[in-house]
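Going down the list, the sequences are from chains Z and S. Residue numbers for the first sequence follow our numbering, so the first one is 8 and each next one is one higher. Residue numbers for the second sequence follow our numbering, so the first one is 8 and each next one is one higher.
Just so you know, not all the hints are guaranteed correct.
Identical copies carry no separate label here, and so any pair may be met within one copy or between two of them.
Listed below are the simulated DSS-like cross-link pairs for lysine-lysine, each with C-alpha atoms no more than 30 Å apart in a straight line [what the hints assert, rightly or not]:
1) K17 - K47
2) K17 - K62
3) K9 - K62
4) K71 - K17
5) K47 - K62
None of these hints come from the bench; they were simulated from the model.
Chain by chain, the residues:
Protein chains: 2
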Amino acid sequence: MKARVIVTLKNGVLDPQGQAIEGSLHSQGFDGVQSVRQGKVFDLELQTADADEAKAQIEAMCEKLLANTVIENFAIEIIG
Amino acid sequence: MKARVIVTLKNGVLDPQGQAIEGSLHSQGFDGVQSVRQGKVFDLELQTADADEAKAQIEAMCEKLLANTVIENFAIEIIG
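Next up, chain Z with everything else stripped away, as it sits in the complex (with noise of 0.2 Å):
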């Protein structure tokens, strides 16, 4: 079974790594950006054909390493 974890920073935390890339940007012509924030995506394979054991067992993964759910938000996404 195959899924995607996208974690993204929640709204009002700061992105100084999003900054960065956004001066970047402007600095290279693009000025019709008007904001970026930057996250992390995990592509998984796991060992269970269940879709629903597989969805369960990476919330955990999320909850325990791949996230910090302070600041974090994450989303999982089953590919199959």
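Given chain Z, work out where chain S should sit, using these hints.
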């Protein structure tokens, strides 16, 4: 116009960071994990209200700054 860019390593490109995460997951008891590959997400806000123009601009940003197209793929998703 809001858009999301997902940058992932091409197949065959080594991902030591993903391997480290896989190791950590195993050591925390998540034995069912067969592979982890890490990528990046950029959530962008652009001034333009035209989806095609936004996509063209973002493609240029990816080629120039957001992705290293030698070793990375990028996917653009217009959110609206």
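Cross-check of the supplied hints:
1. Taking CA atoms no more than 30 Å apart as the test, K17 paired with K47 passes in both settings, with 13 Å inside one copy and 16 Å between copies.
2. In this assembly of identical chains, K17 and K62 lie within 30 Å of each other by CA distance both inside one copy and across copies; the values are 21 Å within and 25 Å between.
3. Both within a single protomer and between protomers do K9 and K62 lie at most 30 Å apart by alpha-carbon distance, with minima of 10 Å and 27 Å respectively.
4. For a Cα distance limit of 30 Å, the shortest separation of K71 from K17 qualifies both inside one copy, at 17 Å, and across copies, at 27 Å.
5. For a Cα distance limit of 30 Å, the shortest separation of K47 from K62 qualifies both inside one copy, at 18 Å, and across copies, at 21 Å.
Hint check: no violations occur; every hint is consistent with the structure.
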